[in-house]
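Chain A is already provided as a structure; the job is to place chain G on it using the hints.
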Amino acid sequence: MSPLTRRRLDAFRRNRRGWVSFWLFLAVFVATLGAELICNDRPILVRYDGAFYVPILRDYPETTFGGDFKTWTEYRDPYVSQKIAEKGWALWPMVRFAADTINYDRVRPHPAPPDGENWLGTDDQGRDVLARLVYGLRLSLLFGLALSLVSTVIGIAMGAVQGYFGGVVDMVGQRFLEIWGGLPQLLILIIVASMIAPGFWTLLGVLVLFSWTSLVGVVRAEFLRARNFDYVRAAKALGMGDLQVMARHVLPNAMVATLTFLPFILNGSIVSLTALDFLGLGLPPGSASLGELLSQGKSNLQAPWLGITGFVAVAAILSLLVFVGEAVRDAFDPRKTS
Amino acid sequence: MSPSLLRVENLAVRFGHGHEAVDAVKSVSFTLERGETLALVGESGSGKSVTALSILQLLPYPRAHHPSGSILLDGQELLSAPEPLLRSVRGHRVAMVFQEPMTSLNPLHSIADQVGEVLEIHQGLRGEAKRARVLELLHLVGIPKAENRLDALPHELSGGQRQRVMIAMALAGEPDILIADEPTTALDVTIQAQILKLLKDLQSRLGMALLFITHDLGIVRKMADRVCVMYKGQVVEEGRTATVFDHPTHDYTKRLLAAEPKGKPAAPAADAPRVMECRDLKVWFPIKGGIWRRTIDHVKAVDGISLSLRQGQTLGVVGESGSGKTTLGLALLRLTDSQGAILVDGQDIQGQSPGQLRPKRRHMQMVFQDPFGSLSPRLSVGQIVGEGLEVHKIGADAAERRALIAQALTEVGLDPDTQDRYPHEFSGGQRQRVAIARALVLKPKVIILDEPTSALDVSVQAQIVDLLRDIQTRHAIAYVFISHDLRVVRALADEVMVMKDGQVVEHGPAAAVFDAPAQDYTKALMAAALHMETVES
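Those sequence lines, one after another, are chains A and G.
The numbering used here puts the first residue of the first sequence at 1473, with every later residue one more than the last.
The numbering used here puts the first residue of the second sequence at 1147, with every later residue one more than the last.
Among the hints, a few may not be true.
Label-pair restraints from in silico Cβ distances [to be verified]:
id, chain 1, residue 1, chain 2, residue 2, range
1, G, Glu1302, A, Met1643, 44 to 52 Å
2, A, Lys1770, G, Ser1256, 57 to 65 Å
3, G, Arg1277, A, Val1641, 49 to 57 Å
4, A, Arg1489, G, Gly1559, 46 to 54 Å
5, A, Arg1478, G, His1163, 23 to 31 Å
6, A, Leu1659, G, Ser1304, 52 to 60 Å
7, A, Phe1783, G, Glu1302, 53 to 61 Å
8, A, Leu1617, G, Glu1302, 48 to 56 Å
9, G, His1255, A, Ala1499, 53 to 61 Å
Some chain A residues flagged as far from chain G (calculated, every beta-carbon gap over 12 Å) [unchecked claim]:
id, residue
10, Leu1476
11, Trp1491
12, Thr1504
13, Thr1536
14, Tyr1576
15, Val1633
16, Leu1658
17, Ile1663
18, Thr1674
19, Ser1686
20, Gly1713
21, Asp1714
22, His1721
23, Met1727
24, Lys1770
25, Gly1779
Facing chain A, a subset of chain G residues (Cβ under 10 Å, in silico) [claimed, not checked]:
id, residue
26, Leu1199
27, Leu1202
28, Leu1503
29, Arg1507
30, Gln1511
31, Phe1514
32, Gln1515
33, Gly1534
34, Glu1536
35, Asp1561
36, Pro1562
37, Asp1563
38, Arg1567
39, Ser1573
40, Ala1581
Because the hints were derived from the structure by calculation, they are not lab data.
The C-beta atom is built at its ideal place from N, Cα and C for all residues, glycine as well.
Just chain A, with the same shape it has in the complex (with noise of 0.2 Å):
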């Protein structure tokens, strides 16, 4: 590690707030990873007469614990546990639902308010906030990083090339770049949404058509400013070929500026999914979202607990983002690191 790295590292951990907000973040990305441990209605381990079972990774027929038939087992019903609790013991996660189990046993009308068994409440099909809130989140951060990641690379690459050989290769990338930028994005996506059923590989496709003209701005700017520093000149007086000055000598000066705008493109990301949702042109029907988490609790003023969860959610995450994001940008800023 250079001596310079090491600094901005430094500068970074002293920054307290975006400190605290990049493990927070990563608690909670890594916290929603293993959703499936946290919110499931199944158990994760089950011990039954003198056997192990692990109903989370392979389904047992019911007859497995004394049950009737061979249909596969439904562990929240009342006379399973109970067969269970007779001969052993079920490990239970901290939530017994998953994303789209239906509490069918609730007295209330769904959305029913939070209470000791659906502690965020359940939306408007009987389904569990909680749940539907950590899987929520675990898609949409898995989203906002992979379409944050391609874009980056495809940014970076499209910006180098333009900066680095300028002249005529950067005249026609800028030009295209105008035009591309100057397409009506939404239309194009609602036009595309009615065309194919999306998921979420043909909607990080989509996305990534608009997304990746963001950082190429910068990356040209940084090749453009760099291309004409003594030291890459006197890696070409070497001998070096274009990509290798590239890669070692001018990339590294480029970093910066992208390291920095990651955690902004990546909050940009997660909004844009979000905003789809919210729409109804993002994810199927039924897969858990923050915009569609969003979207009940409008269609639903007079449950507020998913109005709230929603709002407080995104704002949390985008808030860390945006501590992050600013701690990085001043560990980077050469006037307080060099």
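Using the frame of chain A, we list chain G on its own:
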């Protein structure tokens, strides 16, 4: 006896507080009398500019503060004086001219406005009276056709003219003391000589005291009545200029005076083979105009230059900024597009593909001016020097490469154990040694040195010149030495080429060009560079 005009006593300047504090100036005392020129000399970081800025209290307070000292102007204390008093002193009694004329003027205001502003603040002049006085001042500092230049913006003026405007601004308040902080460092030698002459003239005409801050001993000898030599925040020697120059007492002064680049170039053998040659080399940059952006003219940066270089020979390329020296260097290495034949070892490399060129790059290397910009801050010294070895697949494995790198570092006088350290841990001179090692490790036949000593302090300059000469005699490398500093060129080059506007003005053996220049331009350049004198033409 009346009190001195300016008396600085025991001045100390500290930046920051606690254990992070840096003492920029430790203890400086000097006096300045009416009509006198005092020079503060020292290398970069010796605290001379900080001393000057504290006279006007222009340091970034409160981060900077003075643990001790006093600055008396006509008996009045300036140190931590109230702001209104300071404002009446600044520009009115003590004025300052800065080093960089490109950034000292506001690019958005005409020069009449900027000079007039001072008149407005200190003398309350308005309207016609102000304009008349501005014109008078511009005449005084020798701006040609001043009537027509009143509304010019700074970018329409040359560097020398901008510095003249800066001086006019400083004179507008009719100051008793003019502080000139390296006023000619950013200028070409001929312009430098003109500005120095102007300052000297103005001083004798207006009877100002001049506090001249510089690192250039030649200027001191030419300009100053008395001199203070500064070293690490302290005045180590003070006295009349002639006395200090002829009988220095302090070790540092002796070292500084001895540091002028010396020695004679080693002449190459007469039958040494030609390693590099170029014929009628041209670098023309197109100027585009009109709706269709067609090429309407060219900037002829390098316009038909031919040269040939023998093994172990040094060709000095001299000229003022904008004369195309650096472009010529880049074109010779094919780092910029050019026309005309470039022969390396008798083979024309013009028009060869990057792949064909790569093996030949080993034989031609370059060292750049700025030792801070030419080394990537993210790579260790070993990685920087070893990069060429990797590209050209020299050295079988990592251990062998490490040994080669260590050898190159030893050769340039660096500790081979510094391989794993990063550039920012080194001083400017050491960094330039790393840059030389990077070129040297490939065992090239030609090295193009683009102002390799310009960014360095004089004492370090001399060391680098000695090092370069030493390397040349050991490895018989040919140098193309590009510089505007004729003293350094004289110490290294056995053949000299004088460039102006992309063309060769004079080309011949160094002795002939230096001692008996044939062209008027060369004569003016020599007089300005070596004796700081202007030649009337």
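Results for each hint:
1. G/Glu1302 with A/Met1643: 44 to 52 Å: 29 Å Cβ-Cβ, so the 44 to 52 Å window is violated.
2. A/Lys1770 with G/Ser1256: 57 to 65 Å: Cβ of A/Lys1770 to Cβ of G/Ser1256: about 60 Å, so the range 57 to 65 Å holds.
3. G/Arg1277 with A/Val1641: 49 to 57 Å: Given about 51 Å between the Cβ atoms, the range holds.
4. A/Arg1489 with G/Gly1559: 46 to 54 Å: Holds: the Cβ-Cβ distance is about 48 Å, inside 46 to 54 Å.
5. A/Arg1478 with G/His1163: 23 to 31 Å: 25 Å, holds
6. A/Leu1659 with G/Ser1304: 52 to 60 Å: 55 Å, holds
7. A/Phe1783 with G/Glu1302: 53 to 61 Å: 58 Å, holds
8. A/Leu1617 with G/Glu1302: 48 to 56 Å: 53 Å, holds
9. G/His1255 with A/Ala1499: 53 to 61 Å: The hinted range 53 to 61 Å holds for G/His1255 and A/Ala1499, with Cβ atoms some 56 Å apart.
10. Leu1476: 6 Å, violated
11. Trp1491: Non-interface label stands for A/Trp1491: nearest chain G Cβ at 22 Å, farther than 12 Å.
12. Thr1504: Consistent with the label, A/Thr1504 stays out of reach of chain G, its closest Cβ about 35 Å off (over 12 Å).
13. Thr1536: A/Thr1536 clear of chain G: closest Cβ-Cβ about 60 Å, beyond 12 Å.
14. Tyr1576: 61 Å, holds
15. Val1633: 17 Å, holds
16. Leu1658: 36 Å, holds
17. Ile1663: Non-interface label on A/Ile1663 holds, nearest chain G Cβ at 38 Å vs cutoff 12 Å.
18. Thr1674: Fine: 40 Å to the nearest Cβ keeps A/Thr1674 off the interface.
19. Ser1686: Per Cβ check, A/Ser1686 is outside 12 Å of chain G; nearest 25 Å; holds.
20. Gly1713: Nearest chain G Cβ is 7 Å from A/Gly1713, so the label is violated.
21. Asp1714: About 8 Å separates A/Asp1714 from the closest Cβ of chain G, which leaves it inside 12 Å; violated.
22. His1721: With a cut-off of 12 Å, A/His1721 comes too close to chain G, as the shortest Cβ separation is near 6 Å.
23. Met1727: 10 Å, violated
24. Lys1770: 50 Å, holds
25. Gly1779: 49 Å, holds
26. Leu1199: Nearest chain A Cβ about 20 Å off; hint violated.
27. Leu1202: This interface hint is violated because 25 Å lies over the 10 Å limit.
28. Leu1503: Result: holds, 7 Å to nearest chain A Cβ.
29. Arg1507: With a minimum Cβ separation of about 3 Å from chain A (threshold 10 Å), the hint on G/Arg1507 holds.
30. Gln1511: Since chain A brings a Cβ to about 6 Å from G/Gln1511, closer than 10 Å, the hint holds.
31. Phe1514: 4 Å, holds
32. Gln1515: 8 Å, holds
33. Gly1534: 4 Å, holds
34. Glu1536: Cβ of G/Glu1536 sits 9 Å from chain A, so the hint holds.
35. Asp1561: At 18 Å from the nearest chain A Cβ, G/Asp1561 fails the 10 Å test, so the hint is violated.
36. Pro1562: 20 Å, violated
37. Asp1563: At 17 Å from the nearest chain A Cβ, G/Asp1563 fails the 10 Å test, so the hint is violated.
38. Arg1567: 9 Å, holds
39. Ser1573: 16 Å, violated
40. Ala1581: 7 Å, holds
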